[in-house]
Amino acid sequence: MLRVDEGELRALVPRVLAGLVRRGEDFDAAEDALQEALLDALRVWPEHPPDNPRAWLAAVAMRRLIDARRSEAARRGREEVLPEPVATTESGDDTLFLLFCCCHPDLTPATQVALTLRAVGGLSTREIADAFFVPEATMAQRISRAKRSLRDRRLDEPGDLAVVLRVLYLVYTTGHGGRLDLAAEAIRLARQLTLATDEPEARGLLALMLLSHARLPARLDSDGRIVTLDRQDRSRWNTREIAEGVRVLQSALAEQRPGRYQIEAAIAALHDDAATAAETDWPQILAWYDDLVALTADPVRQDPAAVLGRAVAVGHVLGAAAGLRETERLREVLGDRHRWHAVRGHLHELDGDPVAAGTAYAEAARRATDVAERDHLVRQAARVRADQPRSSAGSV
Amino acid sequence: MPKYLLLKHYRGGPEPHRAVPPMDQWAPEDVEAHLAFLRHVAEVLEERGEYVGAQALVPARTWVRYSGPDAAPVTTDGPHPETSDLVAGWYMIDVESHERALEVAAFVSGGPGPGGEPMYEWIDVREIMG
Numbered sequence: 000m001l002r003v004d005e006g007e008l009r010a011l012v013p014r015v016l017a018g019l020v021r022r023g024e025d026f027d028a029a030e031d032a033l034q035e036a037l038l039d040a041l042r043v044w045p046e047h048p049p050d051n052p053r054a055w056l057a058a059v060a061m062r063r064l065i066d067a068r069r070s071e072a073a074r075r076g077r078e079e080v081l082p083e084p085v086a087t088t089e090s091g092d093d094t095l096f097l098l099f100c101c102c103h104p105d106l107t108p109a110t111q112v113a114l115t116l117r118a119v120g121g122l123s124t125r126e127i128a129d130a131f132f133v134p135e136a137t138m139a140q141r142i143s144r145a146k147r148s149l150r151d152r153r154l155d156e157p158g159d160l161a162v163v164l165r166v167l168y169l170v171y172t173t174g175h176g177g178r179l180d181l182a183a184e185a186i187r188l189a190r191q192l193t194l195a196t197d198e199p200e201a202r203g204l205l206a207l208m209l210l211s212h213a214r215l216p217a218r219l220d221s222d223g224r225i226v227t228l229d230r231q232d233r234s235r236w237n238t239r240e241i242a243e244g245v246r247v248l249q250s251a252l253a254e255q256r257p258g259r260y261q262i263e264a265a266i267a268a269l270h271d272d273a274a275t276a277a278e279t280d281w282p283q284i285l286a287w288y289d290d291l292v293a294l295t296a297d298p299v300r301q302d303p304a305a306v307l308g309r310a311v312a313v314g315h316v317l318g319a320a321a322g323l324r325e326t327e328r329l330r331e332v333l334g335d336r337h338r339w340h341a342v343r344g345h346l347h348e349l350d351g352d353p354v355a356a357g358t359a360y361a362e363a364a365r366r367a368t369d370v371a372e373r374d375h376l377v378r379q380a381a382r383v384r385a386d387q388p389r390s391s392a393g394s395v
Numbered sequence: 000m001p002k003y004l005l006l007k008h009y010r011g012g013p014e015p016h017r018a019v020p021p022m023d024q025w026a027p028e029d030v031e032a033h034l035a036f037l038r039h040v041a042e043v044l045e046e047r048g049e050y051v052g053a054q055a056l057v058p059a060r061t062w063v064r065y066s067g068p069d070a071a072p073v074t075t076d077g078p079h080p081e082t083s084d085l086v087a088g089w090y091m092i093d094v095e096s097h098e099r100a101l102e103v104a105a106f107v108s109g110g111p112g113p114g115g116e117p118m119y120e121w122i123d124v125r126e127i128m129g
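Here the protein sequences come in this chain order: A and B. Everything in the first sequence is counted per numbering that gives the first Met the number 0, starting at 0 for the first residue and increasing by one. Everything in the second sequence is counted per numbering that gives the first Met the number 0, starting at 0 for the first residue and increasing by one.
Be a bit skeptical, because a hint or two may be false.
[Stated by the list, open to error] Okay, the calculated bits of chain A under chain B, using three or more residues with CB under 8 Å as the criterion:
1. 360–368
2. 372–379
[To be verified] Sample of chain B residues lacking proximity to chain A, with all beta carbon distances greater than 10 Å (derived):
3. 14
4. 93
5. 94
6. 109
7. 110
8. 118
Everything labelled a hint here was simulated from the structure, so no lab data went into it. C-beta atoms are modelled at their ideal positions from N, C-alpha and C, and glycine is treated no differently.
Starting from the given sequences, assemble the full structure and let the hints guide the process.
Set out below in structure tokens:
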């Protein structure tokens, strides 16, 4: 008996679905029909492997659609209405077309993510629900509401690639921890996207994901504790992913059309390139951060994360005090976020001021929204406070 | 089998049996011991088939109320009297009896604090309605 390769099966999803939607089928109904066809495939293929899996899926999904339409027509006591055939141009890639549908600017980010994972990633509602720690019924509802709201939208216009990139990056960053590796899924989708468009930012995003994913094996120790970049065991970094990331990044940069993902990937590449933390090329990293903050007119408000990252680089190149001064500009915008306090803790430490560092880390811990991160920040506070002459525990 | 919430508090509850400073002021080895204990609690509960879930809450709190059909919700982020209860998180367990729930709560309460001595932390035990 043949085992169905679920990866291969899922890779067919966007092409089959795009074919149905391009033929004029309703996105919502087509997606439902395809999900049923996928379940059929898992059941039938082990005994009867198809000659042409893509054609098989398309045919079964089409049959499901017709069945659904017949019963709907019967229920309403009306003639079956066939959809108007839409004059479709086969220009553009199926994946890209579907990503534009799922990342429609009218949908909320959480919905764009869920729909992308299902319609482009071919994941089941159950898998997506698990990844976001919500009940399956909740996720099913979120997805069907999203599909309903797409019903009256025109889907044949070119979408906004910037939104697609943001959605994929969101999938990547939410991606660790759950049973399903969303980070790996985001990389798979980004890779598909780079085959569909020459836009260098798509390659920049793929490179950024690869170059940071490469460090993932060293990010947690055996007890699940967070290990910061400067203390990671660099021999555990994935050199294959780094090599691919650098290659993809170079091909993007060669286009001479820089953007935020290419720049962030370049910064990640410089970190990956350092054999030890001490060998990190901070001046180069600072130069890239200068480019990054130059992308927006008012970086403090429009891209505070970039300004914060730059402050760290400033701290390493021009001294901790200069870095701390940079963070001051962000106090109003980020002063209530744990990351701002954590960065200041790091810079105070660099400055040789364990008292201020301890306070900043403790403030960061109080604002952390993730248990692993909170525990890490509590440890940082305890560590720097232990390095100074101990006052009697329990006072303060 | 009844289900219980074992609630931990940032503040509130009976007079503390032992005054303990915030964990960021502990010695690093005491922090490690306590965090290891928390992992151990979850493992023990899972092993015994009693674990349902555990969740921690961020200390920041906002009170909200309805303020009429066309008005934005009324909120207040404080100040709140320092004595008001503030839940820090909970374990949800599914156990044989009320006695077992108390036993688990006492186990959680005895986790190591500064100097490796037990915390003697008050745990709020609440039965969940079926």
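message: The output says residue 110 (chain B) does not contact chain A. Does that hold with a beta carbon cutoff of 10 Å?
response: holds (14 Å)
Distance rule for residue 109 (chain B), whose beta carbon must clear each one in chain A by more than 10 Å: holds (19 Å)
* To do: Could you check that no beta carbon of chain A comes within 10 Å of the beta carbon of residue 118 (chain B)?
  => holds (13 Å)
Annotated coverage of the segment 360–368 of chain A by chain B, confirmed only when three residues or more have a Cβ within 8 Å: Satisfied; 7 residues make the cut.
- Task: Evaluate the condition: distance from the CB of residue 94 (chain B) to the nearest CB of chain A exceeds 10 Å.
- Result: holds (23 Å)
Query raised in the report: Per the stated criterion, does the least C-beta distance between residue 14 (chain B) and chain A lie above 10 Å, as a non-interface residue requires?
Result: holds (17 Å)
(Q) Quick check: do three or more residues in the segment 372–379 of chain A have a beta carbon closer than 8 Å to a beta carbon of chain B? (A) holds (count 5)
Practice problem: Evaluate the condition: distance from the CB of residue 93 (chain B) to the nearest CB of chain A exceeds 10 Å. | Solution: holds (18 Å)
Hint check: no violations occur; every hint is consistent with the structure.
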